[in-house]
Amino acid sequence: MFRPIFAIANATVGEAIRRKVLLIILFIATLFLIIAPNLGMLSARSETVVLKSMMLGIIQIASAVIAIVLTVYMLPNEVERRTIYTILSKPVMRWQFLAGKYLGAVLALGLMMSLMAVVMSAMFLVIKQNPSEAIKLLQAVAMYFVQMSLLASVAMCISTFVAPLVNFFLSGGLFLVGTVLNPVFDTMQKSGSGASWGKGLAQLLSVILPNFATYNIQNPLINPQQQIQSEASYYINAFGYGVMYIAIMLITGMLIFEKKEV
Amino acid sequence: MAAAIETKDLTKTYRTKAAGNVNVVDNLSLHVEEGEIFGFLGPNGAGKTTTIKMLLGIISPTSGEGTVLGEELGDMNVHHKISYVPERPYYYEYMTGFEILKFYGSLFGITDTDRMNALLERVNLHRDKSKTISQYSKGMQQRIGLAQSLLNDPKLLFLDEPTGGLDPIAHREIRDLILGFRDEGRTVFISSHELSEVELICDRVAIINYGKIARQGKLTELLKGGRVEITVEGYSEQALKDMNIPDAKILPAGGDLLLDAPEESDINAVIDAVRGSGARIVSVVPRKKRLEDLFVETVSAPKAG
Numbered sequence: 001m002f003r004p005i006f007a008i009a010n011a012t013v014g015e016a017i018r019r020k021v022l023l024i025i026l027f028i029a030t031l032f033l034i035i036a037p038n039l040g041m042l043s044a045r046s047e048t049v050v051l052k053s054m055m056l057g058i059i060q061i062a063s064a065v066i067a068i069v070l071t072v073y074m075l076p077n078e079v080e081r082r083t084i085y086t087i088l089s090k091p092v093m094r095w096q097f098l099a100g101k102y103l104g105a106v107l108a109l110g111l112m113m114s115l116m117a118v119v120m121s122a123m124f125l126v127i128k129q130n131p132s133e134a135i136k137l138l139q140a141v142a143m144y145f146v147q148m149s150l151l152a153s154v155a156m157c158i159s160t161f162v163a164p165l166v167n168f169f170l171s172g173g174l175f176l177v178g179t180v181l182n183p184v185f186d187t188m189q190k191s192g193s194g195a196s197w198g199k200g201l202a203q204l205l206s207v208i209l210p211n212f213a214t215y216n217i218q219n220p221l222i223n224p225q226q227q228i229q230s231e232a233s234y235y236i237n238a239f240g241y242g243v244m245y246i247a248i249m250l251i252t253g254m255l256i257f258e259k260k261e262v
Numbered sequence: 001m002a003a004a005i006e007t008k009d010l011t012k013t014y015r016t017k018a019a020g021n022v023n024v025v026d027n028l029s030l031h032v033e034e035g036e037i038f039g040f041l042g043p044n045g046a047g048k049t050t051t052i053k054m055l056l057g058i059i060s061p062t063s064g065e066g067t068v069l070g071e072e073l074g075d076m077n078v079h080h081k082i083s084y085v086p087e088r089p090y091y092y093e094y095m096t097g098f099e100i101l102k103f104y105g106s107l108f109g110i111t112d113t114d115r116m117n118a119l120l121e122r123v124n125l126h127r128d129k130s131k132t133i134s135q136y137s138k139g140m141q142q143r144i145g146l147a148q149s150l151l152n153d154p155k156l157l158f159l160d161e162p163t164g165g166l167d168p169i170a171h172r173e174i175r176d177l178i179l180g181f182r183d184e185g186r187t188v189f190i191s192s193h194e195l196s197e198v199e200l201i202c203d204r205v206a207i208i209n210y211g212k213i214a215r216q217g218k219l220t221e222l223l224k225g226g227r228v229e230i231t232v233e234g235y236s237e238q239a240l241k242d243m244n245i246p247d248a249k250i251l252p253a254g255g256d257l258l259l260d261a262p263e264e265s266d267i268n269a270v271i272d273a274v275r276g277s278g279a280r281i282v283s284v285v286p287r288k289k290r291l292e293d294l295f296v297e298t299v300s301a302p303k304a305g
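Keeping their order, the protein sequence lines are chains A and B.
Residue numbering for the first sequence follows our numbering, beginning at 1 and increasing consecutively.
Residue numbering for the second sequence follows our numbering, beginning at 1 and increasing consecutively.
Hints in this document: simulated from the structure, not taken from any laboratory.
Relax, there's no trap hidden among the hints.
Simulated pairs of lysine-lysine, DSS-like, Cα-Cα distance not exceeding 25 Å:
| no. | chain 1 | residue 1 | chain 2 | residue 2 |
| --- | --- | --- | --- | --- |
| 1 | B | Lys-129 | B | Lys-102 |
| 2 | B | Lys-8 | A | Lys-260 |
| 3 | A | Lys-260 | B | Lys-17 |
Hey, can you work out the whole structure from these sequences and the hints?
Here is the structure:
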């Protein structure tokens with residue numbers, strides 16, 4: 001059952017890490033990570049705070065763009081180039097094909113994020129010579145990886161029924177809404193004031209939309225005043241939420257893809 | 001002989017904004033025998049690729065039924081016994097020829113590298129197996145496609161335009177490979193526009209037009225009905241007319257007369273009469289019916305219904 005999934009994932013990684021557009025994004029992000037220490041002086045805030053937030057910001061933005069670009073074209077390209085027909089004429093079910101493509105996308109994303117994380121850690125160690133802080137930064141990148149895997153699953157699910165360009169903006173929009181507005185919805189929902197329909201709507205949206213904000217742990221890492229209470233349970237919950245949401249997205253995508261006329 | 005493919009009233013309907021429900025494939029009943037090379041012909045948009053996708057189980061028919069190698073359409077078991085090479089196939093360009101076989105082999109759980117090397121040798125790519133697909137010519141890509149299609153030792157191969165866009169040498173190589181498949185007892189289902197190629201290698205053909213089967217049968221039977229052109233000198237037009245050959249045409253030919261008659265006519269009687277009168281036979285030229293003639297005649301017919 002898993003053999004075709006791994007074979008497709010392997011081929012997907014091989015192709016993804018050779019895609020010029022992704023390599024260009026990766027190159028630019030890496031370049032920014034290298035010059036980031038020299039940009040800290042442009043801010044009035046503490047140099048270390050600026051450096052950390054800048055490095056994490058670069059990795060997050062680059063990873064989000066890579067995750068979206070990587071996944072929105074994945075299925076449409078396979079149909080356009082007719083590779084999908086050769087594969088589906090073998091003993092491969094459609095859900096296995098989709099799972100293989102997703103796994104490959106996540107692995108490729110992981111490789112690219114690892115490269116950025118290595119450059120970030122190296123630069124941070126060279127400038128600040130603080131290994132424990134560098135490890136904390138890697139923790140944030142690990143959370144971003146779950147966040148980007150979630151984003152990739154959303155884009156993959158949408159790609160089963162929407163054209164790539166629309167998907168690009170839709171997935172990007174959902175990422176923004178899920179990052180920026182989800183905390184707002186949470187606050188609205190918990191606040192005592194406000195109309196009940198408004199709170200209901202906020203509750204509904206915060207349940208339906210992927211909560212990307214859960215994975216933004218840069219603030220406690222950057223500002224020592226902010227702390228995550230019970231780190232272990234926070235990370236387990238965030239990871240569990242990610243896995244569950246990814247599973248929902250993939251199963252939805254598989255059900256739509258099963259009926260799709262390719 | 002057992003049927004490799006049998007369909008009955010297979011229909012695929014798509015809903016379009018402009019025309020509402022359109023039957024891309026319309027009550028298609030096909031019969032392909034085991035061990036033959038079957039040509040599936042039709043103009044662009046006739047429904048060939050949709051039919052192949054239904055036979056491969058990639059899409060489901062709207063109505064109708066069918067079997068492939070005895071299994072119901074869409075049954076995953078049949079995927080172990082069939083293969084498909086699409087028109088202008090694309091293979092992951094970063095992979096080498098050998099890696100392509102490893103990739104497709106892994107979808108079946110085939111890891112036998114000796115078999116892969118033997119297949120590369122069979123399609124004459126063993127010396128180029130370490131080159132990436134991006135370095136392969138069109139003909140080489142088609143041959144690696146055929147090699148991957150043989151990995152599971154299929155009983156039935158679907159080839160969509162196997163010689164499209166290839167040079168004459170590559171044409172010949174692919175044709176020889178396909179003929180070899182039949183010699184091994186495999187059934188080959190070819191969808192093609194290369195009518196001369198189809199005429200050379202196919203045992204039976206079906207012509208599809210507007211989603212319906214317009215003609216189906218043995219090539220030898222479908223191509224019956226050729227004509228014979230007899231040019232005569234010093235013979236009267238009236239004498240030729242008096243022979244009363246059905247469907248014959250008498251035309252002037254530079255001072256001579258040209259009798260254009262169906263091949264089943266009594267040609268010997270014409271020759272004897274002309275020679276007996278002292279006139280001269282200038283030439284007797286049989287004009288065999290070509291698949292191209294049959295195809296044009298079939299697809300030019302107005303849409304029924």
